[in-house]
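S.K.: Each chain, written out:
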Amino acid sequence: MSLPSKTDKPQALIALIAVQSLCAAFFLWDVVDDLGPNGLRALANLHIAIEALAALALVSAIVYETRALMALLRRKAHLENQVSIAAGAFHDIMLDHFQTWGLTAAEQDVAGFTIKGLSIAEIADLRGSAEGTVKSQLNAIYRKAGVPGRGALLGLLVDDLMNAPLTPEKPLQKEAP
Amino acid sequence: MTDHKIWDPFVRAFHWSVAAGFLANALLTEDDSKLHEWVGYAVLILLGLRILWGFIGPKSARFSSFWPTRTGVTEQLSDLATRRRKAHLGHTPLGALMIFNLLLSLLAIGLTGWMMTTNTFWGVDWVEEAHEALVIWAEISVVLHVAAVIWESWRTGVNLPQAMVTGTKRVPDDVKLVP
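Just so you know, the protein sequences line up as chains C and B, in that order. Here this note's numbering is used: the first residue of the first sequence is 4, the next is one more, and so on. Here this note's numbering is used: the first residue of the second sequence is 31, the next is one more, and so on.
Bound-form chain C, shown alone (with noise of 0.2 angstroms):
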């Protein structure tokens, strides 16, 4: 995983999932277009066949470059203002967690917010939802975890941050010693 210090490109990304978009909705109204009256029986027809399925290997590349730039957004929504390579390395773990724990989109972002040590209050605030919608967020976060609280919580990630080293070219060692 790449460090913050490395300049990520959301935008360049999304341009591209623009521009490959667009030219799937080209090729799939293409393939509609073929199929015309016969329905799915054009498929029979070798040339349609292939091009159905070369609409289709583009619309799931679609779906997973966007799950990618998901992803490398919310990792620089965490990650703004902090460009310090132990920063980076904290917010690896983090991740490495949160997915292994199956947190959702939400509850990464409750759960970053937590871990910084912020209030329930501020974190609704900052999010734009209810303090209860919050306080039922950090549930499933430490139900998810088998943790206790935010104690524990933080005690789980800074145990793996002291077992990782902190080089940037380096990919992170999770296991124990």
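Calculated directly from the structure, the hints in this document are not laboratory data. Treat the hints loosely; a few may be bogus.
Unchecked claim - Derived EDC-like pairs: lysine to aspartate or glutamate, alpha-carbon spacing no greater than 16 angstroms straight-line:
| no. | chain 1 | residue 1 | chain 2 | residue 2 |
| --- | --- | --- | --- | --- |
| 1 | B | Lys116 | B | Asp204 |
| 2 | C | Lys138 | C | Glu110 |
| 3 | C | Lys79 | B | Asp204 |
| 4 | B | Lys206 | C | Glu125 |
| 5 | C | Lys138 | C | Glu125 |
| 6 | B | Lys116 | B | Asp38 |
| 7 | C | Lys147 | C | Asp99 |
| 8 | B | Lys116 | B | Glu60 |
| 9 | C | Lys119 | C | Asp95 |
| 10 | C | Lys147 | C | Glu110 |
| 11 | C | Lys138 | B | Glu105 |
| 12 | B | Lys116 | B | Glu105 |
| 13 | C | Lys79 | C | Asp95 |
| 14 | B | Lys206 | B | Glu182 |
| 15 | C | Lys12 | B | Glu105 |
| 16 | B | Lys206 | C | Asp128 |
| 17 | C | Lys12 | C | Asp99 |
| 18 | B | Lys116 | C | Glu125 |
| 19 | C | Lys138 | C | Asp128 |
| 20 | B | Lys206 | B | Glu105 |
| 21 | B | Lys206 | C | Glu134 |
| 22 | B | Lys206 | B | Asp33 |
| 23 | B | Lys116 | C | Asp128 |
| 24 | B | Lys89 | B | Asp38 |
Since the model is a prediction, treat every value here as computed from it, not as a measurement.
For this one, chain C is given, so just place chain B on it according to the hints.
M.R.: Showing chain B alone in chain C's frame:
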């Protein structure tokens, strides 16, 4: 809940009459009929007024107040990625992109439609094909526009269709407002 007066009467009248005109010409009127032509010209006049209004109208109607920037688009996408509930009082950056797309597409549809009535371009294939392709493009855009409005209303709790009727946005207290 806080109420914010945001859409002036002209913007609202423009929105719904253009929507009605486009739907009528795309789905209801006969392609070769006089009615189709007149509805098309009416939409063109409305577009011209809206563009003028975009320079001289009240703040929320001006293009300068919702000109989409790359930062604005990235920020809105980040809010979506992190599921943060932020509401924009005027148009959102992505919404603004759709508005400019629709304005330009409808202008081009009107222009190619008018060209088909002139002696120079009457019966010229590419004009008719462009007119039809642009209509398909506009139809896809309208479907996306409606889907996005429904989704954004659900996500932020601000009833956007209602705001386009009454002119007032009702924003829930816990939603963060982006100016």
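S.K.: Give a verdict on every hint.
M.R.: Verification of the supplied hints:
Of the pairs offered as hints, the one joining B:Lys116 and B:Asp204 holds, with about 9 angstroms between alpha carbons and a cut-off of 16 angstroms not exceeded. For the proposed pair C:Lys138 and C:Glu110, the alpha carbon gap of about 11 angstroms is at most 16 angstroms, so the pair holds. Straight-line distance between C-alpha atoms of C:Lys79 and B:Asp204 comes to about 24 angstroms, which puts the hinted pair past the 16 angstroms bound. Our distance criterion of 16 angstroms between C-alpha atoms is met by B:Lys206 and C:Glu125, whose separation comes to about 12 angstroms.
Taking the CA atoms of C:Lys138 and C:Glu125, the gap is near 12 angstroms; set against the 16 angstroms cutoff, the hint holds. Restraint check for B:Lys116 and B:Asp38: the C-alpha separation of about 23 angstroms exceeds 16 angstroms, so the hint is violated. Between C:Lys147 and C:Asp99 the CA atoms are separated by roughly 14 angstroms; this keeps the pair inside 16 angstroms, and the hint holds. With a CA separation close to 44 angstroms, the supplied pair B:Lys116 and B:Glu60 exceeds the 16 angstroms bound.
Restraint check for C:Lys119 and C:Asp95: the C-alpha separation of about 15 angstroms stays at or below 16 angstroms, so the hint holds. Among the hinted pairs, C:Lys147 with C:Glu110 is consistent with the structure: their alpha-carbon atoms are about 10 angstroms apart, no more than 16 angstroms. Pair hint C:Lys138 plus B:Glu105 does not hold up; C-alpha atoms about 25 angstroms apart against a cutoff of 16 angstroms. The hinted pair formed by B:Lys116 and B:Glu105 meets the criterion: a straight-line CA distance of about 10 angstroms does not exceed 16 angstroms.
Distance restraint check for C:Lys79 and C:Asp95: the Cα-Cα separation of roughly 12 angstroms lies within the 16 angstroms cut-off, and the hinted pair is therefore satisfied. The suggested pairing of B:Lys206 with B:Glu182 holds, with an alpha-carbon distance near 14 angstroms, which does not exceed 16 angstroms. For the suggested pair C:Lys12 and B:Glu105, the alpha carbons sit about 13 angstroms apart, so the restraint of at most 16 angstroms is met. Under the criterion of a C-alpha separation no larger than 16 angstroms, the hint pairing B:Lys206 with C:Asp128 is consistent with the structure, at around 7 angstroms.
Distance check on the hinted pair: C:Lys12 and C:Asp99 sit about 22 angstroms apart at the alpha-carbon level, beyond 16 angstroms; violated. Restraint check: the Cα-Cα separation between B:Lys116 and C:Glu125 comes to about 15 angstroms, which is no more than 16 angstroms; the hinted pair holds. Pair hint C:Lys138 plus C:Asp128 holds up; C-alpha atoms about 13 angstroms apart against a cutoff of 16 angstroms. Straight-line distance between C-alpha atoms of B:Lys206 and B:Glu105 comes to about 14 angstroms, which keeps the hinted pair within the 16 angstroms bound.
Straight-line distance between C-alpha atoms of B:Lys206 and C:Glu134 comes to about 13 angstroms, which keeps the hinted pair within the 16 angstroms bound. For the hint pairing B:Lys206 with B:Asp33, the CA-to-CA distance comes to about 14 angstroms; that is within 16 angstroms, so the pair holds. A hinted pair counts as satisfied when its Cα atoms are at most 16 angstroms apart, and B:Lys116 with C:Asp128 qualifies at roughly 10 angstroms. Using a Cα cut-off of 16 angstroms, the hinted pair B:Lys89 and B:Asp38 holds, with the two alpha carbons roughly 10 angstroms apart.
The structure does not agree with the numbered hints 3, 6, 8, 11 and 17 stated previously, though it agrees with the rest.
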